[in-house]
Amino acid sequence: QEINAAVASNFLLPMRDIVTAFEQQSQHRVSIASGSSGKLYAQIIQGAPFDVFLSADQEKPSALLESGHGISGSRFTYAQGSLVVIATNGLTDDPKALLSRGEFSRLAIANPRLAPYGAAAVETLKALTLWHAVSQKLVIGESVGQAYHFVISGNAQLAFIARAQVQNSQGEHPYWPVPTKLHNPIYQDAVLLKKGSYQLAAKQLLAFLQSEQALSIMDDYGYQPAGQQ
Amino acid sequence: MGFSAADIEALWLTLRLAAIVTLLLLMIGIPTAWWLCRTRCRWKGLISAIIALPLVLPPTVLGFYLLLAMGPNGPVGQLTEALGIGLLPFTFGGLVLGSIIYSLPFVVQPIQNAMEAIGERPLEVAATLGANPRDTFFNVVLPLAKPGILTATILGFTHTLGEFGVVLMIGGNIPGATRVISVQIYDHVEAMDYAQAHWLAATMVLFSFVVLAILYSRKHLMIWK
Amino acid sequence: MGFSAADIEALWLTLRLAAIVTLLLLMIGIPTAWWLCRTRCRWKGLISAIIALPLVLPPTVLGFYLLLAMGPNGPVGQLTEALGIGLLPFTFGGLVLGSIIYSLPFVVQPIQNAMEAIGERPLEVAATLGANPRDTFFNVVLPLAKPGILTATILGFTHTLGEFGVVLMIGGNIPGATRVISVQIYDHVEAMDYAQAHWLAATMVLFSFVVLAILYSRKHLMIWK
Amino acid sequence: MSTLPLDARFKLSYPGFCLDVDLQLPCQGVTALFGHSGAGKTTLLRCIAGLETAATGHLRVNGQIWQDNNTFVPTHRRALGYVFQEASLLPHLSARENLAFAIKRATQPVTEADRMDTIDLLGIAPLLDRSPGQLSGGERQRVTIARALLSKPGLLLMDEPLASVDQPLKQEILPYLENLKTTLDIPIIYVSHSAEEVARLADTLVAMENGRIVASGPLNDTLTRLDFPIKLGEEVGSVIEATVTERDPQWQLAKATFDGGELWFRDSGYDVGSQVRVRVFARDISLSLQHHSDTSIVNSLPAVVEEISTEQHPGLALVKLRVGNTPLVARLTHRSAHHLELAPGKPIWAQIKSVAIIQ
Amino acid sequence: MSTLPLDARFKLSYPGFCLDVDLQLPCQGVTALFGHSGAGKTTLLRCIAGLETAATGHLRVNGQIWQDNNTFVPTHRRALGYVFQEASLLPHLSARENLAFAIKRATQPVTEADRMDTIDLLGIAPLLDRSPGQLSGGERQRVTIARALLSKPGLLLMDEPLASVDQPLKQEILPYLENLKTTLDIPIIYVSHSAEEVARLADTLVAMENGRIVASGPLNDTLTRLDFPIKLGEEVGSVIEATVTERDPQWQLAKATFDGGELWFRDSGYDVGSQVRVRVFARDISLSLQHHSDTSIVNSLPAVVEEISTEQHPGLALVKLRVGNTPLVARLTHRSAHHLELAPGKPIWAQIKSVAIIQ
Ligand SMILES: Nc1ncnc2c1ncn2[C@@H]1O[C@H](COP(=O)(O)OP(=O)(O)OP(=O)(O)O)[C@@H](O)[C@H]1O
Ligand SMILES: Nc1ncnc2c1ncn2[C@@H]1O[C@H](COP(=O)(O)OP(=O)(O)OP(=O)(O)O)[C@@H](O)[C@H]1O
Ligand code: MOO
Ligand SMILES: [Mg+2]
Ligand SMILES: [Mg+2]
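Sequence lines, in order, name chains A, B, C, D and E.
Numbering of the first sequence is given in the working numbering, commencing with residue 24 and proceeding in unit increments.
Numbering of the second sequence is given in the working numbering, commencing with residue 213 and proceeding in unit increments.
Numbering of the third sequence is given in the working numbering, commencing with residue 213 and proceeding in unit increments.
Numbering of the fourth sequence is given in the working numbering, commencing with residue 120 and proceeding in unit increments.
Numbering of the fifth sequence is given in the working numbering, commencing with residue 120 and proceeding in unit increments.
The set of hints was computed from the structure by calculation and includes no laboratory data.
Please read these numbers as outputs of a predicted model, since none were measured by experiment.
Incorrect hints may have been included.
Quick list of in silico lysine-lysine cross-link-like pairs, DSS-like style, CA-CA up to 25 Å [what the hints assert, rightly or not]:
#: 1; chain 1: D; residue 1: Lys300; chain 2: D; residue 2: Lys223
#: 2; chain 1: E; residue 1: Lys289; chain 2: D; residue 2: Lys289
#: 3; chain 1: C; residue 1: Lys256; chain 2: B; residue 2: Lys358
#: 4; chain 1: E; residue 1: Lys223; chain 2: C; residue 2: Lys358
#: 5; chain 1: C; residue 1: Lys358; chain 2: B; residue 2: Lys358
#: 6; chain 1: B; residue 1: Lys256; chain 2: C; residue 2: Lys358
#: 7; chain 1: B; residue 1: Lys358; chain 2: D; residue 2: Lys223
#: 8; chain 1: E; residue 1: Lys223; chain 2: E; residue 2: Lys300
Let the hints inform the model, and build the full structure from the sequences given.
Structure, rendered in structure tokens:
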């Protein structure tokens, strides 16, 4: 059976590896459609042929359940993201120090309205009481992906991004893992969709997400299992 | 460095999409341009404005509204379902429709300008020689509007190759059906797979450059013949 | 339902951006079109192709490459820094530059076609009456290329209003500096704030419709005068 | 056939100009449309061709209604050929393709021989592969004429077709058009400022002024009217229909007999018995009281003075003569008229240089 | 001034056509460029105007080098006026604005009086606010002529400027151009198929064929050459420079005296003592053995036969005469020549109708 998985962009890379492992174990094939969660959500409401939805937040899967597009009871938190602050190539100093001393001209974050990592970044800045100091230097990307681009192109010196991106990054970017206590946990929820035609395979995929194998792949990419605080 | 199977699939799909869309754009755009050029209808200005309107919305937002319209509750969706075509979003057909709407102004405008530049005389001459309006259209208007049609083709084709906001929204990034090369490059960039993104982008740019350079040289040849 | 202060700020910024970009597009596009129309240079076809090339890349990807080029390690960035302008990304100036690159083909093409349609005779006539090339350009070529220039203005303006891939990438969504209305609408959609998105989109569409309808009616008047 | 094959009434207004014509023309032969610049000649042709859709009126050609209150036959269904005043080759087609365009849509099949004849006559064979931009002014005009002829029209509208054609070529094309007129049996409306062309071709003359028709009628009647509303200047004259009765092969001359006498003219191979048209310009007739045989003037005809009027220039007189039943007009100075004591009824010799006879 | 003010040598090749001219023209007066359709007249004018950048050669006008191996003065810096063969008003400007365009860029200031005069002369005052598309063919041409004149050129190139202008209007414009010629003191090159225009205006005649100049020289020399390479047909004739010596107000006639005799012609207000140019068409001269006083022919001059040749038509003879030192050409039938026993050296009377004298 062939199923379609709608996956939030930030989880695309681990998902690819997880799917490869899943396909080796089962007879099913999975194709991944990635995009921003908001876009995927709109598409699902309009009848997109997705079997499962791996969101970057908790809000959209629960909205889908409420509107009846998701199958009740299928929602669960498949991963918890970790936030890091990354600095441009060549900045040898500790990003945390740079951040607190304000030694940068641009700080990139993801749009807090759209991306949970963005919201977490704002919470962190507020917790560090840096919010007022940095708000004039903020540049906002559509996603953490964009925030990352701002840094690697050298246009911003610091960015709040997902740990997963550092894991995969090219070049020597010093980074600082943001302590989870500084912000609300970034829970990413998945849900099984009504529109999906092969619910059996889809359920198996969701189950596989919670397997040891999947969790170790997630760990490689900097995701923590849900609930581990 | 090479292409993955997914890249090749996307490349192929893109070319098919761009070719079909360009063809349909010309088939719709040419008569529309001619009508706009000839009519004395008072709504002419308004209709031109409506054709240009999709341009003012961000492609993703336009795609969002097209998605609503073509969805099961939208007017287009209800029409296509009633016609037994089914729903268009997330199908190749849907991509084609979306791309057409988005690129139509680039096609209608240059053709209309070229047709207006022809003036009355060649049409009058053709009529006195016994050519009916259809005959005149095919054998006088179209050949004389060639520079505009070529420009329209180039703009329509390249715009379809490159645009992905609309496509991403109504296509849903489904491999083999709606994942075109622009989406693929975007995915590579988002996945930080820059090498692959550069490679694909360079291929696109190079291929397009060759095609465009040939078209443009022919255009200049044509005009200065 | 009303506009938030952010919406109004974005609206205002967008209009400023579109107006400035359109003006600069015309200032760059008109001489370029004229040069392409008159030159016998053999690279003409290639240069036309290069101008059209940005179209084949997805705007976001184009924006990504512009970000690299305008960054501190990119050639443009090093140039602007050497010139004391500083870096362009996340500035209004950067948006202007990016939008110009992205919309240039829509401006050059129609103007070039219109100029080519003028033919040799009016230029020869002007020369025999003692008009130097500059004089001829301003007093013969520009007035006669009016329909093409109008089309270019419309396409350039609307395209700048609507495009956001490039803008998003090099703008950094900074309120008051680079957060334009297209990004704002996009954000509303992504944030599932559909009502606010509809409201803003409708405003944009309505406003543009009125502007376009006026421009098009004037165009038709002009041609049939 | 029908008695009034071309019946046209049109009204059309431009700011500052108003066309208002009511015109009946015979079903065959050439009608010359004469009139000053801006008189409305082109506008009238355009109305007839159906190119002025704003014109109201009535048009019947060869018994078919082309326009009236309820009908408006579109141009492409009017079987007509139109030679526009300005060059009007289709710019994307070569000369050859322009001709082919007409042939393909002609009302009757065009044989290869027809095609070759027309091309040869207009001397355009070497130009066929050029595009319109590569032709000289006269060359373009000739291709346009050929194209109109090859469309085998039922009505031919020609707007100053020979204006940019040089004299010798004109001398070749004119006889062809004359010939066309008799073989084709279609009406031709011919706008021209050249009295020579008009005299050679026209059977009917229509004079326009300010959008109105101020005179019309058979050629000779109009030309010999001393009060003709359009001043013909150097071109006043008359036209005599005559029959060839003798040929003199030694001197290459031929003799034509008409009601009133006979005229010698240069022989261009006319058959004895054929009808010819002899054009006599007023300026080419001199009058004498006696017949002189020691001059180079070959033709000397006894005539009677009918009427004397003053020309545009006050020193000049136009004298209308009658030779038998044929009217002639002579132009001379008032001093000569006085000197010769001319008065209506006076018998006189009209001396006509044979070389001044056109056809 | 300089002796050879316009010195032009050009070479230019098109597929199937090759221009190769070497031409010297006097610094003032009108040069008529004559030649069949496609002979290269327009191409030559374009070379002189600097519009054919591919042409190689040499051009010196009024002592200034406009083109040679190293120099190419661009068109807009050549002080010339060009009336194109086709209508060429700037389409985005009204007639008035077209004139203003020229006036603004004229080489000398144009006074309001100049402007009004030109407008009146060409009869375009009522048309000034129309756009070119709203003008008739002749109206467009007149505006174009006015525009060229108002640019106050140092060299005027006119390509069949009066082809679409009607006869009476031509009669008004021609004297103006003649006048221009003497007052402006600039060279005018004038392409025309009309021998009438040429005879009235031209001082020099240049004949082209196939891209080459086949004959050139002062008007009368060229016109009276019986072997003139371009067949002039009806227009063969001669031009006599004469002086007005008497006016007859009663009969509105004037008398001109020249080396060989005197001629009466209609008086158009010439001052006694002024120079005039008298055009005599070969077809308007008849020969007689004796002088007759009972005819309407006013002018009868004693002449001597110089040369007899055959015209295009074998029945016609061209006879070159000498009246005093002035050459004249007469056309008659060979039969008449035989009948009058014409031979070189024979004395004869040349009868010229006064009305055939043009200026
Ligand atoms: N579209 C128009 N708008 C206004 N006036 C016009 C228009 N077309 C023609 N006219 C005017 O109508 C009159 C008649 O024009 P028309 O072309 O019929 O003249 P014509 O007799 O053919 O003259 P010509 O011998 O110069 O060609 C002219 O005075 C012209 O200016
Ligand atoms: N661009 C071109 N390419 C090829 N041949 C050309 C081109 N322009 C002109 N010719 C040819 O050159 C010759 C001379 O043209 P030109 O226009 O000088 O003739 P013309 O003497 O002005 O004739 P007309 O009296 O008909 O206007 C013609 O045979 C014409 O066909
Ligand atoms: O501007 Mo877009 O939404 O990246 O195609
Ligand atoms: Mg006309
Ligand atoms: Mg010419």
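- Agreement of Lys256 of chain B and Lys358 of chain C with the hint, judged by alpha carbon distance not exceeding 25 Å: Status holds; Cα separation ~19 Å.
Practice task
Mind checking the alpha carbons of Lys358 of chain B and Lys223 of chain D for me, to see if they're no more than 25 Å apart?
Solution key: holds, 23 Å
Does the alpha-carbon distance linking Lys256 of chain C and Lys358 of chain B stay inside the 25 Å limit?
holds, 19 Å
Next pair to validate is Lys223 of chain E with Lys358 of chain C; report whether the Cα-Cα distance is within 25 Å. Answer holds: Lys223 of chain E to Lys358 of chain C is near 23 Å, not above 25 Å.
Checklist entry - Is the straight-line distance between the alpha-carbon of Lys223 of chain E and that of Lys300 of chain E 25 Å or less? => result Measuring from Cα to Cα gives roughly 23 Å; hence the hint holds.
Would the hint linking Lys300 of chain D and Lys223 of chain D be met if the CA-CA limit is 25 Å? Holds, at about 23 Å.
| message | Check the hint pairing Lys358 of chain C with Lys358 of chain B against an upper bound of 25 Å on the C-alpha distance. | response | It holds: about 20 Å lies between the C-alpha atoms, which stays within 25 Å.
- Message: Please verify whether Lys289 of chain E and Lys289 of chain D have alpha carbons no more than 25 Å apart.
- Response: Distance ~20 Å between Lys289 of chain E and Lys289 of chain D Cα, so the pair holds.
In this structure, every one of the numbered hints holds.
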